[in-house]
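As you go down the protein sequences, you meet chains U and Z in turn. Each residue of the first sequence is one higher than the last, beginning at 1 in my numbering. Each residue of the second sequence is one higher than the last, beginning at 101 in my numbering.
For the record, the hints were derived by calculation from the structure and aren't laboratory data. Remember, predicted model here, so these are calculated numbers, not experimental data. Using N, Cα and C, we set each Cβ at its ideal position, and we do this for glycine too. Any given hint might turn out to be false.
Simulated coverage check for chain U against chain Z, where a stretch passes if three residues somewhere in it have a Cβ under 8 Å from a Cβ of chain Z [to be verified]:
hint, region
1, 43-49
2, 71-81
3, 88-94
2 protein chains.
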Amino acid sequence: MIRLNAFFQVKTDGDKLKAIELGNELVAESLKDNGCVSYGLFTSTTRHDVLMFCETWTDQASLAAHMDSTHFKRIVPLIEALTANGMKLEKFEF
Amino acid sequence: MIRLNAFFQVKTDGDKLKAIELGNELVAESLKDNGCVSYGLFTSTTRHDVLMFCETWTDQASLAAHMDSTHFKRIVPLIEALTANGMKLEKFEF
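Chain U on its own, in the form it takes in the complex (with noise of 0.2 Å):
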């Protein structure tokens, strides 16, 4: 299996609302997709602008196909605009 944390810091708190609204529509889509065991958005309740994506993936099929999937293409690139300097992806294999 695979696990996702990929971290964001947003630049303000507008950028944080608009992002949690994309994030949860991104979970939302995410979790329909083949191979998705779990997806969830998190906020830290330590450092108010950063955020991270949890996710696990049967497997990197599952996960090409989610990378490649039009809610992803289309949903991601809006959230990265909204970051300070994108996300930082860290990908665990187990």
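Knowing the structure of chain U, use the given hints to seat chain Z on it.
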């Protein structure tokens, strides 16, 4: 290195506030522990009762010392008492 994702579900909104208060105290103390690379508490944007700790440790010895620390032994049981069914701990070595 070691990444921990520890998930828990709280029973009430009041318990959530208490868990965040305790969790933030644990974050502040744990960031001072030897070998602690990162340590954060996060709340889900889509599942109102779900939270997660996300931690990174340089090695097992540092993690073990952390789990033997007074702040860990004092705070974690208090947080666990607020959960619906304990902490779900997921550990990744990288």
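Results for each hint:
Counting residues of the region 43-49 of chain U whose CB falls under 8 Å from any CB of chain Z gives 5; the rule of at least 3 is met. With 0 residues bearing a CB less than 8 Å from a CB of chain Z, the region 71-81 of chain U misses the requirement of three and the coverage assertion fails. Coverage of the region 88-94 of chain U by chain Z holds. Counting CB-CB distances below 8 Å, 3 residues qualify, and the rule asks for three or more.
Taken one by one, the earlier hints fail for this structure only at number 2.
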